[in-house]
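Student: These are the residues of each chain, in order.
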Amino acid sequence: MDRALKARLERRFGDRLAGPVRQRHDETEIRIGAGDVPEVLRALHDEPELGFTLLCDLCGVDTGTVMQAVYHLWSETTPDWLRVIADGLPREKPRVPSVTFLWKGAEWLEREAYDMFGIVFEGNRDLRRILMPDDYVGHPLRKDFHLPDDASRSPGGGVRPMESPGRPADAAETTVRRRATAG
Amino acid sequence: MSAVAAYWHRLTIPARILLVGVPVVLVVGAAVTVGLALLAEPLVDFLGANMGLVRFVVAALLIIVVATVPTAFVVIYLELKVIARMNLRVGPDRVGPYGSLMSVVHGLKVLSKEDFTPSGVDVPVFTLAPVAVFLTTVMTLLVVPFAPGLYGQDFNIGLLYLFAVGGLNVVGLMMAGWASYNKYALLGTLRAAAQSISYEIPLTLSVVGVIILAGTMSLNSIVTQQAGSFLDWNAWRQPLGLLIFFIAAIAEANRTPLDMTEADQELVAGFATEYSGMRFGFFFFAEYVNVFVVSALIVVLFFGGWNAPFDWPWPVTLSLDPGALGIGLVFLIGLAPVVGTIVLGLPFWLLSSRISALQALVIGFLLFNLVAVAAVLAWAFISFDWAVGLAWMIGKTFVFVFVFVWMRGTLPRVRVDQLMGFAWKWLLPAALLNIFATAAAVVVIGK
Amino acid sequence: MTTPTRPSLDDPNLTIPVDRAGIFEPIPPARTERQQEFYALRDGEMLLNLGPQHPATHGVLRIVLKLNGEQVVDLDPVIGYLHRGVEKLCENADYHQAICYTDPLEYIASLFCEWSPVIAFEKLLDVQVPRRAEYIRVLAGELNRIASHALYIGFFALDLGGITPILWSFLERDEIVEMLTALTGAQLLFNYFRIGGVNGDLNHDFMSRLGDWMSRAGRQVEAGTALLNENEILVRRARGIGILDHETAFRMAVSGPNLRASGVPLDLRRAHPYSVYPELDFDIPTRSEGDCLARYLLRVDEIKQSLRIIDQCLHQMPDGPVMARLPRLVRPRPGRAYAAIEGPRGLYATYAISDGTDQPFRMRIHDPSFVHLQLLGLLMPGNLVADTMAINASLDPVMGGVDR
Amino acid sequence: MSRVPGMGIARGMAFTLRRFFQPAETVRYPEVTPEIAPRFRGRLQLLYDEHGTLKCETCFQCAQACPIECIDMGGRDTKDRYALHWGAPETYAERREESALRRSGREVPDPVYERFEPVDVAAVDRILEAHDHDPRRMLTILQEVQAEFGRLPVAALKRISFRTGAWYAMVYGTATYYRTFRFERPVRSVAVCRCTDCLLAGGGRLAEGLAGGLRAELGRRTPDGRIAYEWLPTHVPGAAAPLVALDGEPQPEVTVRNATAWAQALTGEHPALRTTR
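Protein chains in written order, with our numbering: chain Z, 1 to 183; chain S, 1 to 447; chain V, 1 to 404; chain A, 1 to 277.
If you are wondering where the hints come from, they were derived from the structure by calculation, not from laboratory data.
Incorrect hints may appear among the rest.
Okay, derived cross-link-like pairs now, PhoX-like style, lysine-lysine, Cα gap no bigger than 25 Å in a straight line [unchecked claim]:
id, chain 1, residue 1, chain 2, residue 2
1, V, LYS88, Z, LYS93
2, Z, LYS143, V, LYS88
3, S, LYS113, S, LYS183
4, Z, LYS104, Z, LYS93
5, V, LYS66, Z, LYS104
6, S, LYS81, S, LYS109
Same shape as in the complex, but just chain Z:
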C-alpha cells in the first residue's frame, strides 16, 4: 500500500472523487463519475508526479444495480496498481466517455466492454461488437442475461439459476438479489 499515492490522489482529485480512496494489498482504488473520466485519466496519464502511462486493463462490471467501467493503470512512480472506477452508470443506456484519445489501444477493450455489457463509450469511432457476431442480440455478461443451454435443460443435468431456459419466474430475481450485495 502506497500511502503517498493516496495523499497525492486526494490532493489532486479531492473534489472529483466519488467516495474514499481505498487501498488493499498493492492496489489503490478511486471512484469517479462517468463525466470526469477524460479529465481524471488525462491528468493521471500526463502529470509527471502521477505518470500512469500504461493502461493495463479496461473492463466493464455489472453490479446488478449499476454499471461500472473499470480502468487499471500502471505507473513507475508507485508500486501500486491504480484502479479507476467510473461508477454509477445506469443499467439501461450506460454511457461513458472513451479514453481512446489517450490510449488508442483501448479501442478494442472498449469494444469488448460494449459487446459484453452494452456500455457505450462516446468518442470511440469503431464501437461495434467484437467477440459476439454482428447480429447478436443482448449483452452476455450482464447479470440479467439468461443463457439457454441444452445440457442444463436436459433431464440429466439440472438448471442453474443463471441459465434457466424459458426461465422459471423467480430465477433472475433470486440471482440478482443474492448477488446485489457486491460491487
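Given the coordinates of chain Z, assemble chains S, V and A onto it according to the supplied hints.
Tutor: Leaving out everything else, chains S, V and A in the frame of chain Z:
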C-alpha cells in the same frame, strides 16, 4: 414404336449401352479393318517416309505413360523423405518398404477424391488448365537427351523449343488462376506471370554462353561436345552462367525459396486453391516433373549430360555374336536353364538336410533367373552405351533434384518485390556480362 | 436481454448477392464510421478475406484486407470465432473451478493463464503462499515460457516459408511438456496452480527429466536460430518491417516482449514484482529497433534469461509445504482484487470481484494477445501481403486468448 | 548477416545437411509407446472391486464436480430402478431429437414429467415456494416432499432440481445418501394369524374377507403392489383372536364382518399417490 420405347425404358443403363455399343463397335471395327486393308500400302509408305513424326508421337506417348508419372512419384517420395530427415522426422514409413509406395498411395487418394467444381468458375477453362500445365511440362521432356540415341526428338533448335514450351507453362497457370474465380488464385497467377516473365530472360540469356561455346542449340550435340572427363563439362567454362541458370531454374520450377505462385503461408495454395482431386493432382505432378526436367537441363547443359565424369572404358568391343554359335545357341538356350538350375540348386540340397530335392530345385531355378537377368543386364551395360549413359544421366539429375529438395527444406521464402528486384537488378546484368565475357573469350582464344 | 437469434440459411429474407457468391460474404451494413470508411472501396482496391481458415493465421483469425494490388491499404480484423464466454462461465463456477476455465485460454502458455487468477484469489482470501510453492510456480512458469518462445521461433520461421525450424522447436517444446506432465499431470492444460499453492510437490520423475534437459537446454532452439539468424532471406524479410516505436507502443497499451522490442525495459517481473522474482537475478533484454526482427531476436534472448532463472530456482528452492491450509469451499469476503503477471506474450491480468459467495461475482480476464492484435491495423498498411504474415507472426497472438 | 552475400544461406544448407544424417527423433507410436509420467492425470478409468463388480454407483458426484463438464455418463441407479443420464443431450438417443427441436427454436415437450411416473407437481411447487426455491435447504425440502408423498417420486426430484436450479445429481445424491429417504412406495403388510385358536375364532373367513378386499391371495401382493398380504409367523401374545396385524400392529377392530370394507379402505389410502393423468 411405343412397344420399342417401352422395352427400351425397361432396360438398365448397362444393357442399353451394350445394346447400342456392340453393333456400333462391330460396324466400326469392320470398317477400320477394311480401310486398313485397302490403305495398308500407302500408310506404310507414308510412315516410312517421315519416320521422325512417328518417332515423335511414339516418344511422346511413351514419355507421358512411362516416364512422367513414375518420375513424379520418385521425386515426391524423395521430397517427403529428405525433408522429413532434415526435420529429424522419419517421414513416410508405413506404405511399402521405407514408405516407398507413399506417393503411389497419394496418387490413388487424389484419384479417388471428388473432382469438385466451385460455383462461379469458368468451367471449360477451369477444366483445361491442369491439362495445359501438365502437357507443357511433359512436352519439355521430349527434347531432353537421356542417353545416346535415347531422346524424343533432336531438334537443331532444341533449346529454343524448350524455353518456348516451358514458357507456355505459365499460360496454364493463368488459366487456372483466372478461371477459378478466387482472389488467392488471382494473386498467385499474377505473381506467376510476373515471375516467369522476369526469370525467362536471365534463364535464356544464361544459356547463350553455352550456345556460343557449342555453336548449336541442339541439346544432343551440346552433350556430345562435353564428352570426355568431367573437366570438359561446361560447368567449368560457364560458372556464372551455371549460377544464373540454377537460380532462374528454381524460379521457373516454382520451388522454394522462389515459389511465389503457391506460397502456402500467404496465398493458401496460389493458383491451385480451388482445385481438388485429380485436377490438383495434375498440377502436383507437373510441378515435380518440372523439377526433374529442370535438373535434367542443368545436367545436360553444364554437367555433360550422359557423359561419365571420367574416361569410362566404353564402348567395350565385346565380340559376342550369338549367330556365331550356330547350333550351339540352341543348346545354350535349351540347356542353360536346366544345367544352371541343377548346378545352383545342388549345394543347398547337399549342405542342408532339411531342404528337399524339390525345394533345392526351386531355389536353384530362382537363383538361375537372378544370375541370368544380372548377366543380361551386365552385357547390356557393357556393350550398349545407352545403358551407361542413362545410368549416369539419371544419377546426375537426381543429385540436382536432391539439391532442390534440400533448399526447400532449408530456406524461407523471399518476398515478391525482392524476387523481382533480384531478377532485374542482379541476374539480368550478370547474364549479359556472362555473354560478353564468353563472346570475348571465344573471339580472343578461339574455339 | 433475450436469447440470441441468428439468421438461418433457410430464411427467405436472407439473400447473398450472386455477383459475390463464392468470393466473399456480403459486406455487412456499416455500423460505425470506421467501418464505413473501410468498406468504401476506391477503384483498384479489393477486399481479401484472410482466414478464418488460413494456414498462417494462428488459430481462427479472420483479417479482411483491403488490397491495392499486393499492397495492404487497410485491414479489419474480425475475431470472436473462438469465443467461449469464459468470464461468464467463471461467474457460474466456484473459485477452484474458475481456475480450470482460465486454463485453456492460451493453450501455448497455460500456466500463465492460471497464475494471475490464482494470485487475485489469494489476494481476496488474504492467503499467504508458502515460499516453496512460489519457487515451484516460478520454475514451472519459466519452463512454460521457454516452451512458448520456442514455438514462437518456429512459427515465425514457418510463416516466412521455412518449414524446418518449427519441427525443431516442437522437439524442444515436447521435452518441456513431458517434464511439465511429470510435474503437473497434464500435457497441455496443466491445471497446476491452486489457490494458496500448487497441486503437488516436485517429484523425482520431474527432477530427473529436468536435470537431463538442463544439460542440453535450448539445443533445438539454438539449432533453429543458427539456421535463421544468419539467413539473408529471413533477415531481409524481417528487418525494417512493422516498426513500432515506444510512444506508439504505450499508446496502443502494448506490453511484454513486443514492448521491450521497442526499447522499453518494462517487465512486470521487475516493474511490479509479484512472486519471488525480487530474489532472483536476471536481465531484461531489450531491443531498440522495434521491427519484426527485433521482436524475434528478443524472444531468443529471453529464453536464455529464463534458463538463468530456472537454474537459480533449483539452487534456492526452500523446503516446506506447497499448499496453504484452505477449506475445500472458499468464500472470500466481499471485495475486489487485481493481479497482473508477465507472461511470454505480455501482461496477463485478472480482476476478480467477490460477493461473499463461493463463486466470483465478476471475473475479468485480460489477455495480451487481444491488445496486440490491434497492432495489425497499425503496422500492416503499406506493406505487402507477404509481410502481413511476418508481422502477425512476430506479434505472436494466440487466438484462444484473444477470443476468450 | 555476414559480409559475404549468400554465406548465411550456405551455412544454413550445411546445417540442414548435417541434420539430414542425424537419427530421427520420431517415436514410432504403435510399436514404441512413450513412457507416460506416473503423475499423468489424463486417464479416466472405472474401477472394479475384488468381486469384479463396478465400483461406480452412478451417483454423478464426479460429473457435477467436473468444471468443464467433460464427464458424461449414463447407467442404472444404485437400486436399479431407472436409467440415469448425465451429459450433453446429444449423447443419448432418447434426447437427440429433443435437443434438435430446441436448437431449431421449436417448443420442446419437457420429458421430465413423461418418462417417470407422473405426480402432481403442484404439491412440489407449493413446498418449493415455501422454501424460496433455495437449493441450500434441499434436505428440508426433500423431507417435506417425502412427507407429502410418503416417498420421493423421481418426477418430484426432477421438478425440485428444475426449480431450485440445483443439479439433479445433487438432489439425487442427497436423496440417496440419507437412509430416511425412500424412492419406492412403502409396502405395507397385512398379516393374519393362522394359529389354532385364531382359526377356531373364524380366522379362515377373515382371511377370505381380507383377500376379497385386498384383491390378493394370501402370501401375494395387491395388484398395485403396495400391500403385501401374508400371515403372521407367531401369534402376538395377548392379542385377541382372530388376529390381523397391519405392519405388525394388531388391529383389534377388524372382525370377520368388516374385514372386506377395512381392506378396501386400506387399499385406497394416500390420495397424493393416486396417479393424476
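Student: Each hint should be assessed against the structure and marked as holding or not.
Tutor: The hints, checked one at a time:
Our distance criterion of 25 Å between C-alpha atoms is met by LYS88 (chain V) and LYS93 (chain Z), whose separation comes to about 21 Å. For the proposed pair LYS143 (chain Z) and LYS88 (chain V), the alpha carbon gap of about 9 Å is at most 25 Å, so the pair holds. A distance of roughly 24 Å separates the Cα atoms of LYS113 (chain S) and LYS183 (chain S); the hinted pair therefore holds under the 25 Å criterion. The straight-line distance between the Cα atoms of LYS104 (chain Z) and LYS93 (chain Z) is roughly 24 Å, inside the 25 Å bound, and the hint therefore holds.
At roughly 21 Å between alpha-carbon atoms, LYS66 (chain V) and LYS104 (chain Z) fall within 25 Å of each other, so this suggested pair holds. For the suggested pair LYS81 (chain S) and LYS109 (chain S), the alpha carbons sit about 19 Å apart, so the restraint of at most 25 Å is met.
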